[in-house]
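Construct the entire structure; sequences and hints are all you get.
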Amino acid sequence: MDAFGVEEIGEVISRLVGRISVSGLTASAGKADSYATVRGADGLSLPLAKSPQDLLADLRYLHDTVENEPPAKGLEHFEHTRPLRPGAPEINQLQGLLSQALKPGSPLIALTWPAEWQEGDHGEADSYKIRGAGAGREEQPDELELHHLLQPLAHREASTRFDALKRITVQGLNSDGFSISRAIHGDKWITFQIDHEGKRYVFHQGRWFDIGGAYLDLLRQKVEKILAKRSNLLVSDWPQEVKPKGNIGVATEGRYNLLVQHDDPRFLRLDTKLLYTMQHTKGFEVCDLLGPDNELIHVKRMGGSVSASHLFNQALVSVEALRRQPDTVSKMQEVVRRESEGKRDIPDDFQPTKVVLAFGGRPATPEALFTFSQVTLARCAQRLAELEVELEILEITDTPKILKDDLSLE
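In the working numbering, the protein residues as written are 925 to 1334.
Some hints here could point you the wrong way.
[To be verified] Label pairs and their in silico Cβ distance ranges: (1) I1118 with K1090: 17 to 23 angstroms; (2) I1118 with E1063: 27 to 33 angstroms; (3) T1205 with I1326: 38 to 44 angstroms; (4) P1028 with Q1257: 40 to 46 angstroms.
Keep in mind the hints are simulated off the structure, nothing from the lab. Beta carbons: idealized from backbone N, C-alpha and C, even for Gly.
Given below as structure tokens:
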């Protein structure tokens, strides 16, 4: 299956078609080398006997095979992540558990980005238009946060929260206030995971998934190995700042990146500095910080309310664009020259060799990542390895100092 680019971590397979041996079924007519085309999706299409007696024999054979035979080599991991079909008996109960958890401060829910945003086709939003939060409310924050979706649900009955979430829509806007995406319903913007009756279930981008226990063990082992490879780069501690309403809170990612550049000019801040290419006409971020040796550094504050999947996808989109799209390097050269005021450049034949994921807010451990964020990280690491790009992890230490407007600390 490697020829199809199917990975053991993170793939959800919806349909398989192929020729297999039907030895053991009536259709083989006793021939050891009898083959037939089999189609598998929500159901299974294969040649079965027509007479009642032979049909029962075929069904018994299939049952015994499923219960007692190991999966074919190379196909074992397809059973790990199973999407629940609409109408599956587990969904009503799971939906109830999700509704109860839909409130501010829930540790089981994180903000994620809808599937259509993960492909890098929308560019970066400068603000978000939020509608349907109730009482004619419409918000337009610069940064989308989980509380924008959960706060309007706080005073609702638990049983009504999920339906209310689906009525909320979020639309990305560019710097001119024009939409760069359609209005996407609120349930597509969250991920939720819960262990229930001996299984782990995940609600992600509007769908329910049953995650196998063996898969979770395998996933954790892979993520631990990825997170163990640490970067030697030294960056500023992550400070606090005075918020618009006068309260003290963690500095935004944008302000933190400015601080790193201010403290060490070997780093160049590139977050929000989009590259517009033939393939990415709406623009994408090549990285948040460009390191001293042209490392592509992506920064994320790992609060419990944010899924990191979007960050990992951004890192991969950036590398693939630089490796495969001819105009990307020249566009990056323009941005680097402009943002460094001519003090820095990258070579014409630049190819990224190292990506650094810099995490703040909590230790970089598997426990800090939701299940599907772990899946995305594992897939990102595998793809980067195929492109011969190193992946390293950097933990950012917090500091209680206050970041001032001039980027000094007090």
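Falls inside 27 to 33 angstroms, the C-beta gap from I1118 to E1063?
-> holds, 28 angstroms
Between I1118 and K1090, is the Cβ distance one that fits in 17 to 23 angstroms?
-> holds, 19 angstroms
Distance restraint evaluation - T1205, I1326, Cβ atoms, bounds 38 to 44 angstroms | Given about 40 angstroms between the Cβ atoms, the range holds.
Range hint compliance [Cβ, P1028 to Q1257, 40 to 46 angstroms] | holds, 44 angstroms
Violated hints for the displayed structure: none, as all numbered hints are satisfied.
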